[in-house]
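Let chain A serve as the given structure and place chain B on it in line with the hints.
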Amino acid sequence: MSTAHDTHEHHGPDKGFKRWLYTTNHKDIGTMYLLLALGSLLIGGIMAFVIRAELFQPGLQLVDPNFFNQMTTMHGLIMVFGAIMPAFVGLANWLVPMMIGAPDMALPRINNWSFWLLPFAFGMLISTLFMEGGAPNFGWTFYAPLSTDYAPPSVTFFIFSVHLMGISSIMGAVNVIVTIFNMRAPGMTFMKMPLFVWTWLITAFLLIAVMPVLAGVVTMMLMDIHFGTSFFNAAGGGDPVMFQHVFWFFGHPEVYIMILPAFGIVSHIISTFSRKPLFGYTSMVWATASIALLSFVVWAHHMFTVGLPLVGELFFMYSTMLIAVPTGVKVFNWVTTMFKGSMTFETPMLFAIAFVVLFTIGGLSGLMLAIAPADFQYHDTYFVVAHFHYVLVPGALFSILAAVYYWLPKWCGRMYSETLGKWHFWLSFIGVNITFFPMHFIGLAGMPRRIPDYALQFADFNAIVSVGAFIFGMSQLIFIYNVWRTTLGGKGEQATDQVWEKPEGLEWQIPSPAPYHTFQEPPVVK
Amino acid sequence: MKKLSPWKISLIPIAMFGFGFALVPLYDIFCEVTGLNGKNFSIANAEQVSQVDSSEGRTAKLQFLADADSRDLWQFKPENKTLNLQAGNLITTYYELTNPYDYPVTIQAVPSVAPGEWAEYLVKIECFCFTQQVVPANANIKLPLQVTLSAKAPAEVNHLSLSYRLYQSETLGGAF
Numbered sequence: 001m002s003t004a005h006d007t008h009e010h011h012g013p014d015k016g017f018k019r020w021l022y023t024t025n026h027k028d029i030g031t032m033y034l035l036l037a038l039g040s041l042l043i044g045g046i047m048a049f050v051i052r053a054e055l056f057q058p059g060l061q062l063v064d065p066n067f068f069n070q071m072t073t074m075h076g077l078i079m080v081f082g083a084i085m086p087a088f089v090g091l092a093n094w095l096v097p098m099m100i101g102a103p104d105m106a107l108p109r110i111n112n113w114s115f116w117l118l119p120f121a122f123g124m125l126i127s128t129l130f131m132e133g134g135a136p137n138f139g140w141t142f143y144a145p146l147s148t149d150y151a152p153p154s155v156t157f158f159i160f161s162v163h164l165m166g167i168s169s170i171m172g173a174v175n176v177i178v179t180i181f182n183m184r185a186p187g188m189t190f191m192k193m194p195l196f197v198w199t200w201l202i203t204a205f206l207l208i209a210v211m212p213v214l215a216g217v218v219t220m221m222l223m224d225i226h227f228g229t230s231f232f233n234a235a236g237g238g239d240p241v242m243f244q245h246v247f248w249f250f251g252h253p254e255v256y257i258m259i260l261p262a263f264g265i266v267s268h269i270i271s272t273f274s275r276k277p278l279f280g281y282t283s284m285v286w287a288t289a290s291i292a293l294l295s296f297v298v299w300a301h302h303m304f305t306v307g308l309p310l311v312g313e314l315f316f317m318y319s320t321m322l323i324a325v326p327t328g329v330k331v332f333n334w335v336t337t338m339f340k341g342s343m344t345f346e347t348p349m350l351f352a353i354a355f356v357v358l359f360t361i362g363g364l365s366g367l368m369l370a371i372a373p374a375d376f377q378y379h380d381t382y383f384v385v386a387h388f389h390y391v392l393v394p395g396a397l398f399s400i401l402a403a404v405y406y407w408l409p410k411w412c413g414r415m416y417s418e419t420l421g422k423w424h425f426w427l428s429f430i431g432v433n434i435t436f437f438p439m440h441f442i443g444l445a446g447m448p449r450r451i452p453d454y455a456l457q458f459a460d461f462n463a464i465v466s467v468g469a470f471i472f473g474m475s476q477l478i479f480i481y482n483v484w485r486t487t488l489g490g491k492g493e494q495a496t497d498q499v500w501e502k503p504e505g506l507e508w509q510i511p512s513p514a515p516y517h518t519f520q521e522p523p524v525v526k
Numbered sequence: 001m002k003k004l005s006p007w008k009i010s011l012i013p014i015a016m017f018g019f020g021f022a023l024v025p026l027y028d029i030f031c032e033v034t035g036l037n038g039k040n041f042s043i044a045n046a047e048q049v050s051q052v053d054s055s056e057g058r059t060a061k062l063q064f065l066a067d068a069d070s071r072d073l074w075q076f077k078p079e080n081k082t083l084n085l086q087a088g089n090l091i092t093t094y095y096e097l098t099n100p101y102d103y104p105v106t107i108q109a110v111p112s113v114a115p116g117e118w119a120e121y122l123v124k125i126e127c128f129c130f131t132q133q134v135v136p137a138n139a140n141i142k143l144p145l146q147v148t149l150s151a152k153a154p155a156e157v158n159h160l161s162l163s164y165r166l167y168q169s170e171t172l173g174g175a176f
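Residue numbers (this note's numbering), protein chains in the order written: chain A, 1 to 526; chain B, 1 to 176.
Any given hint might turn out to be false.
[What the hints assert, rightly or not] Within a straight-line C-alpha distance of at most 25 Å, the following computed DSS-like cross-link-like pairs (lysine-lysine) qualify:
#1 Lys-2(B) to Lys-39(B)
#2 Lys-77(B) to Lys-3(B)
#3 Lys-192(A) to Lys-3(B)
#4 Lys-39(B) to Lys-526(A)
#5 Lys-2(B) to Lys-526(A)
#6 Lys-526(A) to Lys-192(A)
#7 Lys-142(B) to Lys-152(B)
#8 Lys-39(B) to Lys-81(B)
#9 Lys-61(B) to Lys-152(B)
#10 Lys-192(A) to Lys-2(B)
#11 Lys-502(A) to Lys-526(A)
#12 Lys-124(B) to Lys-39(B)
The set of hints was computed from the structure by calculation and includes no laboratory data. Values in this document were obtained by computation on a predicted structure and should not be read as measured data.
Just chain A, same shape as in the assembly (with noise of 0.2 Å):
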């Protein structure tokens, strides 16, 4: 504890371990939130070359299908949870206060306890693939009553460690949102607010609204597990089909959760290097409201197959189909943005345009499985790998690499190799193209997913894909290496205060590196 002295002037960071357990520092937090994410994302990483490398060649290999199944499941758990989630809280951390005015977060010591469940959580979840029965097999989906009945016995360390990630999701959420609320800069009303905050406004109030709904149905299956209930048991009187509806009344939306912020990266990014302010910003508003909004009415989408009647695959296959008109509204602003701007194509401006054409592939092929009768051909197989892996790798992505790219001068005052950015941005764009684009093939050929084997004729796409896995994973390590001599290495040329040509936005009003403490006075907003 700093005592009133000591807090005067040369206020700052405790030193060593400590200031990190016991920080209460947006910025510091932040900081943490995205070390974690790129923690998991190498683990889930490593996962991921698991799988790909037992699918390289047809036939058994390298692992036996039980463990294939425990890697797809953590792969997804972890890339979901652990990797793009955080990467966006700890965004949210940096930018929303420097973005609002504000000197910190509304509730700081809550923001601590928020990231530091997080390393129990997975610590947690990692652990159960040293157990006896192996990990969590059921895919990240955990449809009961494979994961009740013939669950592996970790299930259980599965089921405490999403209590315990929804409660930091929750509590963040909560933050974020008192902050925005409470805390912009005289000046800044709602309709001034930067793209990022809008976006993640949003972001955290579906985060309130279903992170709740799924601590309810892995409670559920704890009852079900250990109590004797039965609430997804058909003997005593539950229903294996309401488990998927209730999981999929979550789930739906926390896809929109993984993808709004990322709108409002790119809105930022291709606005700045497109030397235009951003075309359509009220339209923006609206179209991510109305994409967060619809998104509570569309779950059955996910379970076109289970016997739903007419009706109700018609109106899920129309409201799912409804999304696309918004979502069409934000990438014709960013088209719209772009056009006649002077651009420029440094690194996050490589991103951002890569997620708006990658997305858009993404987008398409939802739409296609949203056409119900198409998706009892479509479901369950690689087409749908393709497509979730489309909107989630180069779009969610690719949104917080362009986003640490672009905030990263700001954050540490030093730039990063732009020659580095560039060999880091094609081989990713070359090598997650070859990764999930035959994905498309082979789920239309009726290439199943979540299988350690397969047929013969899908061999050849398989290994290609499996190349793609390769380059992209690999190339990543580019990233941490610009990221690390950026900052803890000590390259790079100065920052500049603004950093790029006349970006928009308070946090660029800041000196470069941000100071540890920013805006104690409220800036005014005109």
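Leaving out everything else, chain B in the frame of chain A:
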């Protein structure tokens, strides 16, 4: 400026946690109202059925299906594959079940009627699915069933399927 209280905003996640559990009864009500899932067959007693005039000649074919378990260890099959249902006439039939284990087992049969929208026109008077059944070791038993067609059934109701899935329920949730 009026401040938003974090306590107030915390009510949303608390309410949504409750909503997650409220989805369970809501799901059942939704299925009952819409007839989805084929669970809401009618139940009546023999006297009520005997008051129905069977001369109208309204009939429907009833198909019997049986699912024991995914490993097919149990011998579980209906006496008849199909029977004709007639409003006012009781049908008594049975399912046959052999316990493959040399210890007694408690089972629960879970019924489902298809098409689900017509499930209410199947009237059960007696069914082994109403209660759990104890099957002695290695025994072959007959599980009784008494059904009829509802007098309210419209003319287009010309076929129904009745299926049973067996669950071992020593401890509920115990898989085969």
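Verification of the supplied hints:
1. Lys-2(B) to Lys-39(B): This hinted pair is violated, its Cα atoms lying about 52 Å apart.
2. Lys-77(B) to Lys-3(B): Since the Cα atoms of Lys-77(B) and Lys-3(B) sit roughly 67 Å apart, the hinted pair is violated (cutoff 25 Å).
3. Lys-192(A) to Lys-3(B): holds (19 Å)
4. Lys-39(B) to Lys-526(A): Violated - the C-alpha atoms of Lys-526(A) and Lys-39(B) are around 63 Å apart, more than 25 Å.
5. Lys-2(B) to Lys-526(A): holds (21 Å)
6. Lys-526(A) to Lys-192(A): holds (9 Å)
7. Lys-142(B) to Lys-152(B): violated (31 Å)
8. Lys-39(B) to Lys-81(B): The given pair, whose Cα atoms are some 20 Å apart, holds under the 25 Å limit.
9. Lys-61(B) to Lys-152(B): It holds: about 16 Å lies between the C-alpha atoms, which stays within 25 Å.
10. Lys-192(A) to Lys-2(B): holds (19 Å)
11. Lys-502(A) to Lys-526(A): holds (17 Å)
12. Lys-124(B) to Lys-39(B): Holds: Lys-124(B) and Lys-39(B) sit about 12 Å apart, inside 25 Å.
Comparing the model with each earlier hint shows violations of hints 1, 2, 4, 7; every other hint is respected.
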